[in-house]
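One line per chain: the protein sequences are A and B, in this order.
Here our numbering runs 9 ahead of the position in the first sequence, where the first position is 1.
Here our numbering runs 147 ahead of the position in the second sequence, where the first position is 1.
Bear in mind the hints are in silico, worked out from the structure with no lab data behind them.
It is possible that part of the hints are untrue.
Unchecked claim - Using 20 angstroms as the maximum straight-line C-alpha spacing, the simulated EDC-like pairs for lysine to aspartate or glutamate come out as follows: (1) A:312 - A:326; (2) A:51 - A:80; (3) A:312 - B:245; (4) A:123 - A:137; (5) A:64 - A:285; (6) A:312 - B:195.
Stated by the list, open to error - Here are the in silico distance ranges between beta carbons for each label pair: (7) B:165 - A:235: 40 to 48 angstroms; (8) A:114 - B:165: 42 to 50 angstroms; (9) B:191 - A:337: 50 to 58 angstroms; (10) A:312 - B:150: 49 to 57 angstroms.
Note that beta-carbon positions come from the ideal geometry of N, C-alpha and C, so glycine has one too.
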Amino acid sequence: MRLQPPTSAAGLVRHHLLALGLAAGLAAAAAPAFAADGHPLKVVASFSILGDMVKEIAGDAAELTVLVGPDGDAHVYEPTPSDAKALGEADLLVVNGLGFEAFMPRLVEAAGFKGRTVVASTGVTPREWEGEEEAGHASAAAPDHAEAGHEGEAGHAAHEEHDHGAHDPHAWQDLGNGETYVENIVAALAVADPAHAAQYERNGAAYVADLAALDARLKKTFAAIPAERRKVVTSHDAFGYFGAAYGIEFIAPQGVSTDAEASAGDVARIIEQIRDEHITAVFVENITDPRLLDRIAAETGAKVGGELYSDALSKADGPAPTYVKMFEHNASALAAAMSGS
Amino acid sequence: MSPAELVLDPFLDYGFMRRALVGCVAIALGSGPLGVFLIQRRMSLMGDAMAHAILPGAAVGFLVAGLSLFAMTLGGAIAGLTVALLAGLVSRATPLREDASFAAFYLVSLGLGVLLVSLKGSNVDLLRVLFGSVLALDDAAILLVASVTTATLVLLAALYRVLVAECLDPGFLKAVGGGGGVVHLVFLSLVVMNLVGGFQALGTLMVVGLMMLPAAAARFWAASLPGQMAVAVLVGVGAGLAGLLASFHAHFAASPAIILSAGAAYGLSILLGPEGGLLAGLVRRPHLAR
Numbered sequence: 010m011r012l013q014p015p016t017s018a019a020g021l022v023r024h025h026l027l028a029l030g031l032a033a034g035l036a037a038a039a040a041p042a043f044a045a046d047g048h049p050l051k052v053v054a055s056f057s058i059l060g061d062m063v064k065e066i067a068g069d070a071a072e073l074t075v076l077v078g079p080d081g082d083a084h085v086y087e088p089t090p091s092d093a094k095a096l097g098e099a100d101l102l103v104v105n106g107l108g109f110e111a112f113m114p115r116l117v118e119a120a121g122f123k124g125r126t127v128v129a130s131t132g133v134t135p136r137e138w139e140g141e142e143e144a145g146h147a148s149a150a151a152p153d154h155a156e157a158g159h160e161g162e163a164g165h166a167a168h169e170e171h172d173h174g175a176h177d178p179h180a181w182q183d184l185g186n187g188e189t190y191v192e193n194i195v196a197a198l199a200v201a202d203p204a205h206a207a208q209y210e211r212n213g214a215a216y217v218a219d220l221a222a223l224d225a226r227l228k229k230t231f232a233a234i235p236a237e238r239r240k241v242v243t244s245h246d247a248f249g250y251f252g253a254a255y256g257i258e259f260i261a262p263q264g265v266s267t268d269a270e271a272s273a274g275d276v277a278r279i280i281e282q283i284r285d286e287h288i289t290a291v292f293v294e295n296i297t298d299p300r301l302l303d304r305i306a307a308e309t310g311a312k313v314g315g316e317l318y319s320d321a322l323s324k325a326d327g328p329a330p331t332y333v334k335m336f337e338h339n340a341s342a343l344a345a346a347m348s349g350s
Numbered sequence: 148m149s150p151a152e153l154v155l156d157p158f159l160d161y162g163f164m165r166r167a168l169v170g171c172v173a174i175a176l177g178s179g180p181l182g183v184f185l186i187q188r189r190m191s192l193m194g195d196a197m198a199h200a201i202l203p204g205a206a207v208g209f210l211v212a213g214l215s216l217f218a219m220t221l222g223g224a225i226a227g228l229t230v231a232l233l234a235g236l237v238s239r240a241t242p243l244r245e246d247a248s249f250a251a252f253y254l255v256s257l258g259l260g261v262l263l264v265s266l267k268g269s270n271v272d273l274l275r276v277l278f279g280s281v282l283a284l285d286d287a288a289i290l291l292v293a294s295v296t297t298a299t300l301v302l303l304a305a306l307y308r309v310l311v312a313e314c315l316d317p318g319f320l321k322a323v324g325g326g327g328g329v330v331h332l333v334f335l336s337l338v339v340m341n342l343v344g345g346f347q348a349l350g351t352l353m354v355v356g357l358m359m360l361p362a363a364a365a366r367f368w369a370a371s372l373p374g375q376m377a378v379a380v381l382v383g384v385g386a387g388l389a390g391l392l393a394s395f396h397a398h399f400a401a402s403p404a405i406i407l408s409a410g411a412a413y414g415l416s417i418l419l420g421p422e423g424g425l426l427a428g429l430v431r432r433p434h435l436a437r
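Only chain A is shown next, with the shape it has when bound in the complex (with noise of 0.2 angstroms):
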């Protein structure tokens, strides 16, 4: 499997095709320009996290829908007929793809759904399910994979692969992934309303920056943690990306999604391991039951290190209202249990 992490390159490709090629298509083909009609474009995302890169890219000029809300599981959601009315009457629908959104096809077809989609996590190279501990260990020896991943071949591979659930879909869980979700929205929003495009691309480069920039920090965070200490358990297996970008190893008693559930025998294993690697910190997350990591924590002495977000921010008065300060918690959280303080 490839250890080298998505990069924004295959992003950047999509990016200047969909705004070149996209754009002179839209134009020959004399489709509405949406925000010159009066009203503005009307975008819905599928969950959280896209909702507030949508915002942050977009402002004011887009009218944006998120259809999972805060603390909302996109594994087991079911959509509502009012989720049906905004698809229907949207211009531009935002999805993580990657076989997240298991209810999105059945929505769009009931929704009638007209306009566009942008799959943001297009050119981001996904992890496959198995190997992932053979992954978190490489990427500890080589934290710094990310600057060399820049000159990546664009992730062809991804597009092929996008429909069946093989692979991880929390690639968000990587600030340089998130930097190509980034990307590809800011492309997506520009075609669908080109009167707004500078804004777009504007707010888009700054907040790319500024991904860019929490992404070194938090990488020279963790890189300061001895390697031994850097293993968690967590209550989902949400964080594979995380870990291998900032070499951390993740452990899940729950398997890939919320929807397994765990036996006495994983449960078991789980306390083994905790004790036998001297593993000191326990997570819980905000869209799944802790009861079972609280009595895994009692179980080995461990702590429970806190509650981390992994596919759903927290409401706005939360500790992870937008996605840069969901970044910013989990790895304070995680920063914090691993080096003992």
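Given the structure of chain A, go ahead and fit chain B onto it with the hints provided.
Relative to the frame of chain A, chain B by itself:
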């Protein structure tokens, strides 16, 4: 590994396995005898109906107070007792039969619960919460299950004669001036409380399995009511033990493994039970022909 080690080691090595077993034993002790009474009264599906009635109450408790044992228990108990009370009253005051009025009220409760949940609009995996987790029993959950079981056994002992009389001949109890209605309501409340206590461990729907399956299996092993209750408790405890071991060694999800163990005990009882089991019927047939 010797067989003894296969059975004992998981419980010796891991506190969560011991807690899970304690929870299962407590549930089996209280729910088994209640299940026997439910079968005697031809109310076998009542447990299922009550579990559906409890679910929305527990869900509303969860939405109001988060993952709080107290709020979810209180919500479930209120919803369950309300349904039991109203259904009991309607069936006694009108010609509508009890099963029909139970069906009506639990469906209303279920509808109301789903409506309230969707009004609040949270998408947290409520099902996971409601399906309990026998592997994650904390002190409060174990105390709750144990208290419910203690209260159940004490009340069953105190009301045993009246309950049996009401089971077998409600008319007689009325004629001698016994408080049939009150006893019936106490009994229904016990069913509700056992389901509410058990859903922390097994989930609202799975706990019904540990109430009815051992009782149904016991029917094939003993003729007397006390005998059936004893067998039901034993089958329940055995199913808990077998299910947890299967979950430990074969990596099955825990609560379905427990219920399926009870189901396997039921299947074996149909075949092998001396009281009306299929094999006993085959053996006896020549005897009758003579």
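To see whether the hints hold, each was checked on the structure:
no.	hint	result
1	A:312 - A:326	violated (25 angstroms)
2	A:51 - A:80	violated (23 angstroms)
3	A:312 - B:245	violated (51 angstroms)
4	A:123 - A:137	violated (32 angstroms)
5	A:64 - A:285	violated (45 angstroms)
6	A:312 - B:195	violated (39 angstroms)
7	B:165 - A:235: 40 to 48 angstroms	violated (35 angstroms)
8	A:114 - B:165: 42 to 50 angstroms	holds (46 angstroms)
9	B:191 - A:337: 50 to 58 angstroms	holds (56 angstroms)
10	A:312 - B:150: 49 to 57 angstroms	violated (38 angstroms)
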